[in-house]
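Kindly produce the complete structure, drawing on both the sequences and the hints.
Chains as they are written, first to last, in our numbering: chain D, 3 to 182; chain H, 8 to 203.
The hints are simulated quantities; they were obtained by calculation from the structure and are not laboratory data.
Yeah, the Cβ is synthetic: ideal placement off N, Cα and C, and Gly gets one too.
Don't take each hint at face value.
[Stated by the list, open to error] Chain D side only, calculated, beta carbon under 10 Å to chain H, not exhaustive:
{"hint": "1", "residue": "Pro33"}
{"hint": "2", "residue": "Ile56"}
{"hint": "3", "residue": "Thr59"}
{"hint": "4", "residue": "Gly64"}
{"hint": "5", "residue": "Ala66"}
{"hint": "6", "residue": "Leu67"}
{"hint": "7", "residue": "Ala71"}
{"hint": "8", "residue": "Pro98"}
{"hint": "9", "residue": "Arg101"}
{"hint": "10", "residue": "Trp120"}
{"hint": "11", "residue": "Val131"}
[To be verified] Take a look, some chain D residues computed to stay more than 10 Å from chain H by CB distance:
{"hint": "12", "residue": "Ser50"}
{"hint": "13", "residue": "Glu63"}
{"hint": "14", "residue": "Trp72"}
{"hint": "15", "residue": "Ser171"}
{"hint": "16", "residue": "Ala177"}
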Amino acid sequence: MHARADAADTAPNWPDDIFATLQRFDVRQVPYVPDAGHSKLIQRVLDSSTMRGIALTTEEEGVALLAGAWAGGQRGVLLMQSSGVGNCINMLSLIPILRFPFLTLVTMRGEWGEFNPWQVPMGSTTQGVFELSGVKVLRASHAAEVPAVLEAAAAQAYNALTPTAVLLSQRLIGAKVFTK
Amino acid sequence: MSKANLLDRRQVVSTLLANRKNVVAIGGLGASTNDMCAAGDHARNFYLWGGMGGAAMIGLGLALAQPKLPVLVITGDGEMLMGMGSLATIGLQKPANLSIAVLDNEAYGETGGQTSHTSAAADLVGIARACGIIDSRAATTMAEVEAFAKAVHDLSAGPRFANVKIDSAGLERILPTRDGTYIVNRIRADLGFQPI
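So this is what it looks like as structure tokens:
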């Protein structure tokens, strides 16, 4: 087990790989609910001139936003953590009904050395919730596999309109360390 | 039961869309989407039959994607209450081309007319303004509705919000198409986008 890298000098590079892939797929709207595991990617998006980062109050807003973006001709991606997936459930029904490209990148909690028991129930059902809702699930557990997983996810989401979630495992992100 | 001095919802929506020009309009789940259809079907009508609480956010996604087009969300008080956080999200993004009109009958008309929070406590005009939507109006006359309909075309001064107090009388349902893929692809085609 390793601790989450918070300091800038130890920040991982895989968020840069994700950003590059999203840029290549012409992703324009990036709704997010902040998560420490997504912090570097969110900052890249907010610094970008082609992508718009959109802070949400709850994750389901992002699902609806992506439907509107698509009607208006733009692609988007929803960034959230596993606990936010439960907040989305009814809004996920828009995806098969409206048939817009749906890609979400989910940083996982409640697994791989979790400290906080309150994260475990939703973290344990995240994949099941997606699958029951018609969203295909891919997972990245190691930094080296992030580019290939992202490429596959973006390709099937945007080219084949296959709703896709990428679970960025806690093993990849590092378990959050709680210190007094 | 209808009360005096409240506006007729169909007349309100007809007025909002009368000179719509290039407006893309989103109708929230419930009677609002029917009202939009009653005012006349249109290729740029985004009818919702589900996704309660999502109408304003669909409007935001569209408005950000198409900053040169006026985008108008027409929804009910119950639908808006469910998506109340989206007012804070819109207040932060400040899309100048987005307008939201709430048809407020203070009730969940589709489910038996149970009273909503706006009947006694929640002030949506104040909520929208406190979320950063500075142009937030209470509309109780048709003149105010007409003024808002005109403002929708001003792409430099949004986002804007209007809460329109309407009669709670049930009206004949005018049902729009409920094929979501058709609805979205018709809008996309009208905006010049090709199928994938």
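Status of the hints after comparison with the structure:
Evaluation of the Pro33/D hint against chain H yields a held restraint, the C-beta minimum of about 8 Å falling below 10 Å. At a threshold of 10 Å, the smallest CB-CB gap from Ile56/D to chain H is about 6 Å, leaving the interface hint in force. Nearest Cβ of chain H to the Cβ of Thr59/D: about 3 Å, under the 10 Å cut. The hint holds. Interface hint at Gly64/D: satisfied, since its Cβ lies 8 Å from the closest Cβ of chain H, which is below the 10 Å cut-off.
With a cut of 10 Å, the hint placing Ala66/D at the interface with chain H holds, because the nearest CB-to-CB distance is about 3 Å. Hint on Leu67/D holds. Least Cβ distance to chain H is approximately 4 Å, under the 10 Å limit. Hint status for Ala71/D relative to chain H: holds, with the closest Cβ pair at about 4 Å, below 10 Å. Interface hint status for Pro98/D: upheld, as the beta-carbon distance to the closest one in chain H is roughly 8 Å, under 10 Å.
The restraint placing Arg101/D at the interface with chain H holds, with a minimum CB-CB distance near 5 Å, inside the 10 Å limit. The beta carbon of Trp120/D is not positioned within 10 Å of any beta carbon in chain H (closest approach about 22 Å), and the interface hint is therefore violated. Evaluation of the Val131/D hint against chain H yields a violated restraint, the C-beta minimum of about 17 Å exceeding 10 Å. Even its closest Cβ contact with chain H, about 14 Å, leaves Ser50/D beyond 10 Å, as expected for a residue assigned away from the interface.
Not every C-beta of chain H lies more than 10 Å from that of Glu63/D, the closest at about 5 Å, which undercuts listing it as non-interface. Its closest Cβ contact with chain H, about 7 Å, brings Trp72/D to no more than 10 Å, contrary to its assignment away from the interface. For Ser171/D, the requirement that its beta carbon stay farther than 10 Å from each beta carbon of chain H is met, with the minimum near 28 Å. Chain H leaves Ala177/D outside its interface by the beta-carbon criterion, the shortest separation being 29 Å against a cut-off of 10 Å.
Checked against the numbered hints listed earlier, the structure breaks hints 10, 11, 13, 14; every other hint is satisfied.
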